[in-house]
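Asker: The lines below spell out each chain.
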Amino acid sequence: MTSVSRWVLVAYCIYLLLPLYWLMTMALRSNSDITGQFEVIPSNPTLANFAEIFSNPVWYQAFGNSLNYVVLNTLISICVALPAAYVFSRYRFLGDRQLFFWLLTNRMAPPAVFLLPFFQLYSSIGLFDTPLAVALAHCLFTVPLSVWILEGFMSGVPSEVDEMAKIDGHSFIYFFFRIFIPINRGAIGVTLFFCFMFSWVELLLARTLTGSVTKPIVVVMTRTVSASGLDWGVLAAAGALTVVPGIVVVWFVRKHLVKGFALGRV
Amino acid sequence: MLRIQNVLLNPGLNCGFDHDFLPGKMTVVLGRNQAGKTNLCRLIAGLSTQASGDLSLHGQSMNNLNPQKRSVAVVFQAFVNYPNWSVAQNIASPMVAANADKAYIQYRVAELAGTLGLGDLLERMPNELSGGQQQRLAIARALAKEAQVLLLDEPLVNLDYKLREALALELRSLLEASDTTVVYTTTDPKDAFTLGDDLLLLDQGKKLQSGAPLAVYQKPTGLAGANLMSDPGINTFPWTALEGQGFSQRGAVNDSLANEEKGDLGGVRPEHLFFADRAGEDAVSFKLQVSALETSGDETFVHGMVGQELWVVRCPGMLNVQPGQELTVAAAKRDILSFGGV
Amino acid sequence: MANITLEELSFTYPGAAQPTLLPISVEIKDGEAFALLGASGAGKTTLLNLLSGLLVPTTGRILFDGVDVSEQSGSQRNLAQVFQFPVLYESLTVADNLAFPLSARKADNGLSGSDIKARVAKIAGELDIEHLLKRKPKALSLFQKQLVAIGRALVRPDVSVVLLDEPLTAVEPRTKWQLRQSLKRLQQELGVTMIYVTHDQTEALTFADRVGVMADGNILQTASPQEVYEHPAQEFVGFFIGSPGMNFVDITPGAGDNVYSHHGVASTAQRLGFRPEWAKLVKGAVAPELSKVSWSGTVTLNQVLGTQDGQPVGITTVMGDAGELKVRGPITGASGDKVVVVLDRFISFSNEKYMASHYND
Amino acid sequence: MINKPYNNRAWLGVLPVLLIVAFSAVIPLMTVVNYSVQDILDFNSRFYVGLDWYRETLQDPRFIEAFGRQVLFSLSVLAIEIPLGILVARGLPKNGAWTSVLLILLAIPLLIPWNVVGTIWQIYARSDIGLLGVGLNELGLAFNYTSNPTHAWLTLIAMDVWHWTSLVALLAFAGLTSVPPAYYQAAELDGASKWQVFRYVEMPRLGGVLVIAVLLRLMDSFMIYTEPFVLTGGGPGNATTFLSQYLATMAVGQFDLGPAAAFSVIYFLFILLFCWIFYNSVMVEDAEEPEGQRRD
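Protein chains in written order, with my numbering: chain B, 11 to 276; chain V, 403 to 744; chain Y, 115 to 475; chain D, 2 to 297.
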């Protein structure tokens, strides 16, 4: 069995790397070169596409806009989720199970369902085309996601630690910020990562709730798809750039990554 | 002085019990698992528990004080330390909470670490320490609080027996001098004798009896209390087994109180039995069918049947007795306990 | 069943500076109950893993009935192991768990379905767990699960050796002695060679025909429980076994005749060791008889452990010029009294090795 | 964590979460339900139509087709990813330097923004400039996912397998590494074959983790939007238009609020069903195996 699975692993890794390799080669070739002739190994790679992205305001502004609402959303989610996850992991209270389940349904809710009402809601309160709109809209899944992941990690910390702090005479605030949060810094790291990723990745709500002012990178990338005369090189370069933050951060959260993906349930 | 009144250790009980813990002394709370020992500790410390009762320390009620306000320190059964703090920070924690000044904390941490053999581990993290060292750290932190009451909830149960022996004596010398009221819970009667100035016996949440270890050992108020004070428990026999040995039921020297469990019953502790080669007239003897043998070097436990009852005889040193042998085993008349049926 | 010989067996973990297990030579006879006793970190688990084939020796050889098995895997050595916590196949019933070692090796042991059933029934009978055969492990108590795990180790009639790694750790203290008894009974009835690893002296001395006491990666002594208790080969063995362990006092017998030489203590002896119950306490400051070895001191602690004939009995700690001594017996003095510790029996050691036992006739 | 005390003051900690999530969930959901039972011509003329929109949506052939396609897509994706994920997990070395390198490699596709996954595969599979596209055509298969529906479907499934199998592999690997080494040792001493080790030692441990993987994949694939939108835009024709895609076009495009709202509610109810199964399977307190306390 293991020899078969070892072969499957190798095959799957190759299957995984080929498209990424192709993305990189495309990013290093100019558009004319790409449509010119088909090459597996680029003969004259250039960094023009990357230069284009960093110089063209449409692109780097879009990156900025995306970062804007994503960071906002991540901060809101983590600040709100920390106390809730602590309470879920430490106490039983009226309706705790139902509330925990309700949060899960929001994490799993298809964004398409909320497309229409969000559009109306945010335009009616004048928040349309502002970073706060998308940040708040994304809270729909990032907050439940954070609560579930953090609760999964926090219930691993024995409650005797809390009781020990009480007996030592520490106030709850001191315990929470100087003892409990440092103990869970690994969990908070991976939760921040997941909020960032979920918010950075979402297209539907981001596109609906943003106008020209706050157009995020996800929209810029997909909009160029439908226009004719598409510049593949620049698109590939932009794609490569969005992959980089993920890879860099994954090294720091690699220990807790799997638990994060399983919403803290593994 | 720590006083607890009408304490109900689990909600199912109907009548609570009172107890005064001797100030500055060490009280051992002895009871089987699930007897309510941990609930009692949590009640005194003010932690969440089903137990209920009125607590007062030096006259002032502690009932509605939260744990931070109670002058109570605790050592849990599982070695609980702050995983994100070094050994020094762990010990300093209660003093930091009481915002003592820096120099005093520095000095006190060094002193406590020294007495508990953690002197050269101050910068280490708790998970780098062995089990014994982690529990010493928890004890050091509890002492750092300089509370008037110190609770130790079966602190040694998870340690090797050689470590347990050493730490028990260390605890005794550490706490003997101090004027802290210490409450130490255990299931092992040996701890009761080693550490206990006073004893409190618990069984299913009820207080059986209290008093000095020797008094409780010699004057059990019932079968349950007698069983707690010997490991393995009391050997019992129907009075008929003593026919013709010049022994009247009520004449037993330490005529203990009636007991409700099994009706008229005689009892003898495993360590009071000896093999019959020197049974004088002031002793009674029984026929024992040896079934098994256990030895720990300095003591041997001979398991066997006396009539219908399974007995254990505990004798010093190593014995070469074979299972299947029939031996006569005797005990001094004064060591016979009688549990008259109610 | 196999006779197991270890020849200069040692092990160093890759990248470790010094060896975890120093060269060990021991012979465990066929059908013997052998115990490995030592504190945590003494190297007993490493030795167990070498025996079970999990680790390959750095030096030396392991022989099963004279055959060198050092390179062989556990299953090739046809041995079985009981772990600290019950290791069972959760999805199989108890009966299938017991049958698994036989059915999995059906090819080479040539047992038919009915032979296997009979064997399982026999083992279940021995452990009186017939009433559990139909149940799944989840429905059993920890005690019952460990019984089934022991059954799995004994079900193969041709098992070479059964290794037990602290099997009672997870069992409720009150029921430990029952599991110890059934294990000992089964070992004697089936005549299986068993190696029992533990840090608890009662388990080792009760179970084993011979005990190997380990410390710092070395077997200090291999002897019968009686021998190991009465005549420890090294000071550590005397200290480790017995609670409290042996007392030690430095002595310089010198050439001339003195109380030591009267007892036949060699002049090169450096320390005397005596167990708390080998000494008596005599009131007063001066030793009554000069012919016996004795030290004077004051009582510092009385540990009462019960009463004998109404008299409190226990361990008295005496602080004197010979250091802190513990004596087991009737508690007579109160702390602070002047007493003399008189030895009935003691052992002489030189550079921590056993020299001779000395008695007062 | 044996006993969690009952304490209603705990609501203080949960309130902020409740407010934020309610603001972005409850109000919009109410508006959706509200629209789904009314016919709205303009702001002030709306009248109650009961469950008409629901009946209409359920009978709308395009909804049924889109629903059928969605179910087919989700099931086929699961049928590949779960077994493949287990095989990949079993192939991973349990410890050693290679393990962390491979785990990070496997994690990469999960960290790529979903639209970029679509872009990558778009570039990769195009028959004019894509390595896969050109390669397949070299082999004589006239491969063009933009025109041929079957090719579009295969590319979509290949992309999703490329994107999400790692999640199943990582979860299965977590399940496998939670097997205490003593179990493998016991099985080896019993003389168990590799298959028996997998069936009796690994499978019972994988069960719990796989339920999570299956349900997570089912829910995420059931609401997939971005990748198909980028790769095929629902084309050719509406061969690859799934539920989210169809709902998005209805809700934003034609502005007929009623049916879109009804469609949303039906869609949400399905997700609710999967959530309920996931919640019950995950929250059941299975008795933990006592690992025996390591004493010192």
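Hints in this document: simulated from the structure, not taken from any laboratory. Hints are supplied without guarantee of correctness; some may be wrong.
As a list, the in silico DSS-like pairs of lysine-lysine whose alpha-carbon atoms are at most 27 Å apart [said to hold, decoys possible]:
#, chain 1, residue 1, chain 2, residue 2
1, V, 608, D, 5
2, D, 5, Y, 220
3, Y, 252, D, 5
4, Y, 220, V, 592
5, Y, 248, V, 564
6, V, 427, Y, 290
7, B, 176, V, 735
8, Y, 143, V, 592
9, Y, 252, V, 592
10, V, 592, Y, 397
11, V, 735, Y, 298
12, V, 608, V, 592
13, Y, 298, Y, 143
14, V, 564, Y, 394
15, Y, 248, Y, 220
16, Y, 440, V, 564
17, D, 5, Y, 231
18, B, 176, D, 5
19, D, 5, Y, 394
20, V, 689, Y, 248
21, D, 5, Y, 298
22, V, 689, B, 176
23, V, 564, B, 176
24, B, 225, D, 5
25, V, 564, Y, 298
26, V, 471, D, 195
27, V, 427, Y, 220
28, V, 564, Y, 252
Asker: Provide an ascending list of the numbers of those earlier hints which the structure does not satisfy.
Answerer: 2, 4, 5, 6, 7, 8, 9, 11, 17, 19, 20, 21, 22, 23, 24, 26, 27, 28
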